[in-house]
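Combine the two chains into a complex, taking the hints into account.
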Amino acid sequence: MVDMRVRIGEIELKNPVMPGSGTMGEGLARVMDLNRIGAIVTKTITPDKREGCVPPRMVEYKDGSLMAIGIPCKGPDHYIEEILPHYRAYATPVVCSVSAPTVEAFGQLAAKLSVPGVSVIEANISCPNLEQDGKAFGMDAEASARVVRRIKESTDRPVWAKLTPNVTDIAAIAQAVEAAGADAITCANGMLGMAVDVENFQPALGNITGGMTGPCMRPIILRMAWQVARAVKIPIIGSGGMATARDALEYLMVGCSAVQIGTINFVRPTAMLEVIDGVEAFCRRKGLRAARELTGAMVPRREFKEQQVA
Amino acid sequence: MGSGAHVNDSPFPVAETLCPVVANDWVNDSYKHLILDAAHGAIHAEPGQFFHLLCPSIGENVPFYRRPMSIYRIDRAQGRLEFLYKIVGRGTTTLAALAPGEKLNIFGPLGRRFDFETRCRHIVQVARGVGLATLAPVAEAAGQLGIRTTAILSARSPKHLMSIEYLRSTGAGVISVTDSEGTSGVEAVEDIVRGLIEKEGGDFLLTCGSNRLLQLLQRLGREYGIAGEVALEQHMGCGIGMCFACVREFRAPGGGITYRRVCWEGPVFDIQEAVSW
Chain W
1 MVDMRVRIGE
11 IELKNPVMPG
21 SGTMGEGLAR
31 VMDLNRIGAI
41 VTKTITPDKR
51 EGCVPPRMVE
61 YKDGSLMAIG
71 IPCKGPDHYI
81 EEILPHYRAY
91 ATPVVCSVSA
101 PTVEAFGQLA
111 AKLSVPGVSV
121 IEANISCPNL
131 EQDGKAFGMD
141 AEASARVVRR
151 IKESTDRPVW
161 AKLTPNVTDI
171 AAIAQAVEAA
181 GADAITCANG
191 MLGMAVDVEN
201 FQPALGNITG
211 GMTGPCMRPI
221 ILRMAWQVAR
231 AVKIPIIGSG
241 GMATARDALE
251 YLMVGCSAVQ
261 IGTINFVRPT
271 AMLEVIDGVE
281 AFCRRKGLRA
291 ARELTGAMVP
301 RREFKEQQVA
Chain U
1001 MGSGAHVNDS
1011 PFPVAETLCP
1021 VVANDWVNDS
1031 YKHLILDAAH
1041 GAIHAEPGQF
1051 FHLLCPSIGE
1061 NVPFYRRPMS
1071 IYRIDRAQGR
1081 LEFLYKIVGR
1091 GTTTLAALAP
1101 GEKLNIFGPL
1111 GRRFDFETRC
1121 RHIVQVARGV
1131 GLATLAPVAE
1141 AAGQLGIRTT
1151 AILSARSPKH
1161 LMSIEYLRST
1171 GAGVISVTDS
1181 EGTSGVEAVE
1191 DIVRGLIEKE
1201 GGDFLLTCGS
1211 NRLLQLLQRL
1221 GREYGIAGEV
1231 ALEQHMGCGI
1241 GMCFACVREF
1251 RAPGGGITYR
1261 RVCWEGPVFD
1271 IQEAVSW
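Just so you know, the sequences run in chain order W and U.
Note that the first sequence covers residues 1 to 310 in the numbering used here.
Note that the second sequence covers residues 1001 to 1277 in the numbering used here.
Among the hints, erroneous ones may be present.
Derived lysine-lysine pairs resembling PhoX-like cross-links, with alpha carbons at most 25 Å apart [stated by the list, open to error]: (1) W/K49 / W/K112; (2) U/K1086 / W/K62; (3) U/K1103 / W/K62; (4) W/K286 / W/K14.
Here are the in silico distance ranges between beta carbons for each label pair [stated by the list, open to error]: (5) W/Q132 / U/V1022: 20 to 30 Å; (6) U/N1105 / W/H78: 30 to 40 Å; (7) W/Q202 / U/S1157: 30 to 40 Å; (8) W/E199 / U/V1275: 22 to 32 Å; (9) W/E303 / U/V1062: 52 to 62 Å; (10) W/L192 / U/S1010: 34 to 44 Å.
Hints are computed from structural coordinates only; laboratory data are not their basis.
The C-beta atom is built at its ideal place from N, Cα and C for all residues, glycine as well.
Just chain U, with the same shape it has in the complex (with noise of 0.2 Å):
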């Protein structure tokens, strides 16, 4: 564990809690904002770490397992904990329904977090959509050990651009990129992080939310010789390991393809162990 990380020394360190909503309010017309009242998991939680969420039934809408939703901010002055998700299906329609003062019973924290505290000296980031809500705690946690993080965020257009400010205000650099603007192509892309690892000393790479980022980042970190991390996602059953139910398929150290629980051997994996989808 790098030197960011808080030593949890409990016997049972993960817990079902009951977390009361302080906030849960649109950001743009299809992502919210949920802050959580959670003294417990925001003790224990570390960047890359999900908790796995019990979203109410409402009429037809009855999930009936968890939806994992990784960490978007950690604030442990507060003990609140954030998520940013987008409006996908049942789970997070009926999440995008609670109001402050009610409660969600949440379970975590669950998975294996970033490892990149002792790894580099400057964080190349790269994040489509939600995935920056994956990314963005690290850059956070990174900023208060000296680490230099730049995010480069993409989106389809610059009105779903989220969070520049919060990333800004931990310190990292953030170029944006968009659909709309013709500035996310992957050639655009490549050129940004090719500059940033040639010029500006570059030396981890974190993607989360895209294949084709995934596939660029993959060859250039294998080009440049960099270690890097990404955070997939998996439709999920318990989120501790035992239901096998949310395996991706990865490459074996002794070559081949091998399945991998995203929960319990991720959500957090080395980069060039991905396979791309």
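So that you can see chain W by itself, here it is in the shape it has in the complex (with noise of 0.2 Å):
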């Protein structure tokens, strides 16, 4: 029997495979017992109502996909009132994702809504900060961090701080979130890209831009967690482009705690049951008793010496 548990802070999860926030919904309640996962993460909730971006929102690869959706949302009180009560069946804990224009707006935002229900509060930074000509938040430390101290004295729960891959020195993100008292990371967003459909002489997406997803991003994505595990010593939600059990073992062993399963459950709306099952009997075949003893299970490979080829 394999503990499955991990810890993330102060919250104790079941086992360390969650959706990415914004590839989940009701839905899934449909197709799949939601006990089983170790956290709901749910869409990002803005302050405002707000329709989304103009169509087409989705360009298709072989390996993944460009999307430009533009967080539609209702706003916190259709989601207090009519989103959160789907989730109220299940243990599993609810993680809250939040985005707001401002750092004051992501502060109000939070504390509305840590209701009960909400375990965590996990904050977007990759949207446009309106006071930085709107540059995205988290693409600036000193930005990121101030979004980070003021969600942490609007809330009591937890709050998770989900990076954005489109910076120069993830790290030093990390670090300044760290610093600001997030009690974990999100490692990471989508990847800005953009497509032309020739044909038309347009822009593929209405957006013109979207965030690229999906398994090819995952070496990308991947080398970042690793370089934010050296860097905090908080825990990483490792998430980028992750299909299988065997991506998943690859973030946890980088020194990922938890790892959040994103556009494969678009293709395959089970996939975070197998990843559950496959982490499991990985654990069983290598002997282990603990999933959470994966995290920085990775072992340096034996270092080039002169002296042994000689």
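Structure representation (structure tokens):
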């Protein structure tokens, strides 16, 4: 019997597998038992009502997709009254993803959403910062830290900072949010990309640019998770292109305490269950008593030494 | 839910199932008819719903996402699902290569069904091209409930008309119009629909597959005060309301325009709320 429980700061999860924000919804409860996953992560809530991006919203590639959805949202009251009740039936903790255009609005939104049934606030800092010409908060260490500090002041819930991969030095951003009091880091969001509909001489996405996600992104985001793991002491939740248990094991071994399964949920709706079962089977096969032993379990290869060649 | 609906009390009514292919034959030069052995899916499916098909990868054709396909026929007695599809892109190209005995991963049933059972006595359905596949199961279900159906089928030429025999076998009246015969113009179709409403008691309008036919039925529906529904298409990601990729514009009840997910709020919508494209 493998102990699948993992601890993310003060929160204990029954296993390390959860959905990425925006990749699950109430519909998934018609397909599988949501009590089986480690956490329920809800789609990002914004203070205002938003319709989202003009279609087309998606471009498909062989091993991933470019999406520009634009966080359609009916606001925090609708979330509390209409969305959260769907998840009351489950013992699984709910992680509420939030986003806002200003530091102050992040704080007010986190306070408003710290209601019974919400266990964690995940700050989606990949959205444009209206106080900095629309540059994403997550692209700037100081702006990221200010958001986390403000949310920490306004809620007693653990705060996870979801980083954007669209930066030069993700470790520096990770250290900034750790210093600001983040309880954990989610690494990472989609990478900015674009595509052209050449037949019609138009951008392929209504929003022109979008977030590239899916299996093709895994090596890049995995590298970032490894860099973040070396730079901070708080737990890391890996999020980038995982489709199988083997993929999740990579993230755990480079230092993540848990993983978010994202885009593949759209293709194989029970992918999270396969990952949970696969991680457990791997632990059994390797004689590990607990899944948490996988975190940072990657060992260095033998270094090159000249005398061994001689 | 109407009287013809199958009651589904499973805690997990939507499922991923591997279904053996019974047949996958050409209907004409661009359409194929896929029949799957799908006991579970066939039992739960309702007219207007769709399945999300995991099309195989062949050579350069590697469809990452599933492809939504409306149900053409639900054969509960034999546990079969049938689909009628036009080969247009990567997904339908690899779907067309499936041979009998091979298996296809299907996910569903998904989406909102047609809601006609308690609302009408005589359904007038107008379908263009592959839109016919989506409306055909309504004719069969309506026939079993003693509701009359008249299907107006529109196509490029007589050889592109499909399923006339199948629709007649459900008890539906069939009127075909084609571009090559010059009978498919909006004015000609309008005359037929007006006749069915005024003289034959047509009291419910259904359409799928054509922008101009949608506009026509919206106009006639308003003029005569007749309800109706439209089934819409859109490229989809997840098919179950999670990704928000498949939105289209709709008239909001309080005025203005809003986006709705074709997979979750649809694919069947109130005909007057749909915005033509």
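Unmet hints by their number, sorted upward, for this structure: 5, 9
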